[in-house]
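Asker: Start from the sequences and build out the full structure, keeping to the hints where you can.
Positions 0 to 574 (numbering that gives the first Met the number 0) are the ones given, in order, by the sequence shown.
Misleading hints may appear alongside valid ones.
Listed next, the in silico EDC-like pairs over lysine to aspartate or glutamate satisfying Cα-Cα at most 20 angstroms (straight line) [said to hold, decoys possible]: (1) K500 <-> D478; (2) K233 <-> D303; (3) K155 <-> D130.
Just so you know, these hints were derived from the structure itself, not from any lab.
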Amino acid sequence: MLKQNKKKQKSNRHRWLLVGFLCLFGVCIVAQVRPAEPRLNSVDSTMKVDKDTSKVTQTADQQKQKKKTKVYLLHSDEAQADKLNHPDMQILIGNVRFRHDSMYMDCDSALLFEKTNSFEAFGNVKMRQGDTLFIDGDYLYYDGQTQIAQLRENVKMVNRNTTLLTDSLNYDRLYDLGYYFEGGTLMDEENVLTSDWGEYSPTTKQSVFNHDVKLVNPKFVLTSDTLRYNTFSKVANILGPSNIVSDNNHIYSERGFYNTLSEQAELLDRSILTNQGKKLVGDSLFYDRKAGYGEAFDNVRMTDSINKNILTGDYCFYNELTDSAFATKRAIVIDYSQGDSLFLHGDTLQVVSYNLNTDSLYRLMKAYHKVRMYRVDVQGVCDSLVYNSKDSCLTMYRDPILWNEGQQLLGEEIKIYMNDSTIDWVHIINQTLTVEMKDSIHYNQVAGKEMKAYFIDGDMRHIEVIGNVQTAFYPEEKDSTMTGFNTSEGSLLHLFLKERKMEKGKFDGKSNGTMYPMDQIPPDKLRLPTFAWFDYIRPLSKEDIFNWRSKRAGESLKPTTDRRPKTDKRNLINM
0 MLKQNKKKQK SNRHRWLLVG FLCLFGVCIV AQVRPAEPRL NSVDSTMKVD KDTSKVTQTA
60 DQQKQKKKTK VYLLHSDEAQ ADKLNHPDMQ ILIGNVRFRH DSMYMDCDSA LLFEKTNSFE
120 AFGNVKMRQG DTLFIDGDYL YYDGQTQIAQ LRENVKMVNR NTTLLTDSLN YDRLYDLGYY
180 FEGGTLMDEE NVLTSDWGEY SPTTKQSVFN HDVKLVNPKF VLTSDTLRYN TFSKVANILG
240 PSNIVSDNNH IYSERGFYNT LSEQAELLDR SILTNQGKKL VGDSLFYDRK AGYGEAFDNV
300 RMTDSINKNI LTGDYCFYNE LTDSAFATKR AIVIDYSQGD SLFLHGDTLQ VVSYNLNTDS
360 LYRLMKAYHK VRMYRVDVQG VCDSLVYNSK DSCLTMYRDP ILWNEGQQLL GEEIKIYMND
420 STIDWVHIIN QTLTVEMKDS IHYNQVAGKE MKAYFIDGDM RHIEVIGNVQ TAFYPEEKDS
480 TMTGFNTSEG SLLHLFLKER KMEKGKFDGK SNGTMYPMDQ IPPDKLRLPT FAWFDYIRPL
540 SKEDIFNWRS KRAGESLKPT TDRRPKTDKR NLINM
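Answerer: Printed below as a string of structure tokens:
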């Protein structure tokens with residue numbers, strides 16, 4: 000019996016110590032009014048995001064006009080009051096429960112201020128509203144007039160499948176808005192978001208994050224300075240400089256939307272998509288991570304730092320799964336692998352990769368139609384061309400023409416073989432013609448069935464002309480004085496050039512020719528039957544490649560052979 004009395008006295012002593020501590024703490028609280036922390040000043044007010052949010056704002060404003068409701072004390076194991084010194088304060092201990100409208104609040108102990116319709120809660124604080132909103136913490140100051148709850152330490156807000164963790168949370172019941180300002184984490188089924196400042200509305204599911212924002216998804220990580228995120232739609236609205244990094248690519252954007260469910264992004268303001276050494280930039284971008292493709296619109300620029308080329312245009316499509324791309328609308332390929340850049344334009348430019356992830360990987364670069372290219376030392380035109388990285392061969396189709404300084408090469412088809420991005424040799428097939436302009440009247444000319452031109456360090460040094468060879472050229476002295484006019488015919492001709500001028504020529508096998516003095520050249524011998532000088536369609540600059548100029552009527556070559564692939568009628572129909 001004695002032991003029980005001692006135990007009871009000891010328990011009462013501890014209880015009065017706790018009451019005394021709460022009284023002292025309450026006096027301090029009453030002595031200095033507790034100001035509410037400032038609300039998060041985000042870039043865009045989350046309460047005015049859309050029509051639904053506007054409705055919430057209007058409803059809250061209407062509620063403010065209503066008569067203030069009272070905070071009710073529903074239960075407490077013990078209650079103490081000092082009517083003399085603190086007539087407005089009650090000390091509540093043990094299983095304390097309050098109700099304000101539809102919100103129920105529980106704690107271990109509390110200080111209730113009836114005049115101000117507010118209270119402070121300590122230990123195991125729990126706020127419950129229906130079966131959708133639950134907020135826990137170690138401390139709560141609740142103002143029944145403003146309906147703002149200030150929770151501190153180990154705060155956890157749960158709204159269905161969304162959880163918010165922080166140590167400092169203010170929750171505004173009128174606007175149904177929680178905001179933190181000392182760091183917080185918001186989680187849902189798909190993503191985990193952290194930031195220094197943040198807001199979350201259980202009604203609209205809209206949240207805003209500021210300063211050191213990080214969104215972690217199993218497939219990517221998004222870092223930003225300012226981000227808006229909807230926990231229902233799972234759409235992240237980028238409002239400031241942001242980076243989205245995954246195993247395959249990197250996205251930089253300052254404004255746009257990213258749907259974390261469909262993994263589709265709409266990005267504005269010159270956003271950048273980087274993948275395997277390729278950088279895609281445009282006024283606006285669309286990216287589908289699941290399908291593995293991106294689209295860029297207006298002022299598009301795609302840079303390949305590995306192969307040293309740039310693709311530009313007003314529209315570009317890139318598939319990262321097949322490593323293929325195409326561009327249209329003022330599309331240009333700029334090759335800067337050599338000293339001078341080569342600018343190539345066509346109505347459509349396309350790159351297709353084959354045998355991905357194997358040692359036999361190769362690519363086809365296609366340009367069609369109205370192809371024009373310009374470099375300081377080389378220019379060209381044709382209807383379409385294909386570059387095959389397997390044999391480093393660039394093939395020009397349909398009335399192709401090449402110019403190298405004062406020389407012109409043409410035929411039905413031209414194949415240019417590269418070696419380390421420089422021209423190794425050129426193969427011209429059918430109706431070949433090379434012309435060197437001496438002046439506006441005199442031209443060196445060579446025609447044949449087939450022609451092969453060999454280059455050294457980018458300069459043409461040796462030409463082989465094969466089959467039905469015809470020549471018309473002017474031999475020169477060392478001072479470039481023309482000594483006469485020579486016409487000849489044969490089956491195989493070797494031409495040797497020096498400093499981009501014909502130095503000498505030699506026929507293999509039988510040949511015949513005639514040498515005319517300069518003042519006795521027959522007018523009908525000045526030009527070969529196939530002679531043509533197409534300087535008027537030659538690209539004059541990198542800007543001129545957009546200005547297509549066709550050959551004059553009757554000057555286009557008529558193909559001598561059918562180069563279409565052979566196929567039966569059934570396959571043709573299927574194609």
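Asker: Give a verdict on every hint.
Answerer: How the hints compare with the structure:
1. K500 <-> D478: Cα-Cα ~13 angstroms, so holds.
2. K233 <-> D303: Violated: K233 and D303 sit about 33 angstroms apart, past 20 angstroms.
3. K155 <-> D130: holds, 15 angstroms
The earlier numbered hint that this structure contradicts is number 2, and it is the only one.
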